[in-house]
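**Q** Protein chains in written order, with this note's numbering: chain A, 1 to 203; chain B, 1001 to 1236.
Think of the hints as simulated: they come from the structure by calculation, not from any bench.
Cβ atoms here follow ideal geometry from the backbone N, Cα and C, with glycine treated the same way.
Any given hint could be a false lead.
As the list claims (entries may be wrong) - Which chain A residues face chain B? A few, computed with CB under 10 Å, are given here:
{"#": "1", "residue": "V33"}
{"#": "2", "residue": "L66"}
{"#": "3", "residue": "V134"}
{"#": "4", "residue": "L155"}
As the list claims (entries may be wrong) - To spell it out: a stretch of chain B is covered by chain A in this simulated footprint if at least three of its residues, at any positions, have a beta carbon under 8 Å from a beta carbon of chain A; those stretches are:
{"#": "5", "segment": "1018–1031"}
{"#": "6", "segment": "1034–1040"}
Given next are the chains, with one letter for each unit.
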Amino acid sequence: MSRSIATLGALAPADARGDGIPTPQELRRAERVRTLVVEHYASLWRFLRRLGVPEADAEDAAQKCLCVVNERLDAIEPGKDKSFLFGVALRVAQSVRRDGRPHASDNDDALLAELPSIEPDPAEQLDDRRARAVLDTLLASLPLDLRSVFVLYELEELTMAEIARALEIPSGTVASRLRRARETFEALSRHARRAARGKDGAR
Amino acid sequence: MSPTRIARNGDTFDRALLRAARNDDPPKGAEERALAALAATGLPLRANLAPGTGTIPSGRWIAGIKMTAIGLALGAGLVTAARWSRREASAPALASAPAPAPALAPAPALATAPALATPTSTPTSTPTPTSTSTRRPLPPPPLSSEVALVQQAARALASADPSVALSLLDTHDREYPRGVLADEAAALRVQALSRVGRSSEAKALARQLLDAHPQGVLAARLRAVLADEDSSAKPR
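Could you put the whole structure together from the sequences, leaning on the hints where they help?
**A** Below is the structure:
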């Protein structure tokens, strides 16, 4: 069974009165879910991708996240839906990753060796697809706890408070993880560019 | 004090990487399919998306969202109604639903599933958004097909054709063994089995579902179905 049956319970209220007409409360609830999808779907999908969910699995993973949020919506404090969604996404991404490529933070050199070809200087010339491949390789070298904070802050531009709520960690922990993540990311980035220059010089 | 984001204050190379990530868009129609899947499972999105409510979202997908969610929400009404219509044999939900019933096709044959499976991919029904990237074509995601299949099963059940529903649910279980709508399919199966007189199988599956997931509104309803089966243990 792929999902909790409680999900079905949450999805079934439209005929709770037996007349097939949603109540105002049900409509408000649906509007809340719809708003979440319309405003944050793309961000959710990108977050899953940057956490290592393969492109082919990202849509289903996003759908699972939304099903969970829909199921739990009544327990989520209004105004915190977005944080809750990203917290769920982290857990879903972890479950998807368990079936896929293992995390390799202790094998940075091997990962960096896999970097797609990088032109040594004009970074602006990198096309988006290649740039994302480089980024994902760098991110794969970050432990997931740092990676998730980094992506939420640097890419999805959540506030520190939103990240703390999403990951259920204190704000101080968010700040320290972000600092370590940025330091590691920038070091990896410099390393990657040096490696690229070395390859280029050896040609 | 929050640090300035790299995208605004980092070096050129890092900014380029992050900018590329922000340009990474979900596959075409993914947001529509997400809304459709939620609608198909009973969330009353149709009313929210109806013109004139003032809540229509803006954005490039809106036309597709409206068409898909409205269309599938109609089906969702049937999904919901079909689940428990045995307890409401006169199906008042269908009769009084705000959705215009004629918009729903009769329960289609199994062979027509692929046509419904891609409601947003038909060129004539959905505007094609312009893509800014040279994304490689991906295989069609299975979610919309799964939604359509479960909808068909629900329609068949609502049309008093539980055997067809069971056949469709068999197809679902075979093609989507870990499907997003596996629970919905299982719940429909309980009802279909009950309708064709396979009470012991219906009850066994209902109990299995309840053992695995004892909480939730549907769990309460499954218990009610079980109680109904037990109390009506007499020839149909």
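**Q** Return the numbers of the hints above that this structure violates; sort them in rising order.
**A** The structure conflicts with no hint, since it agrees with every one listed earlier.
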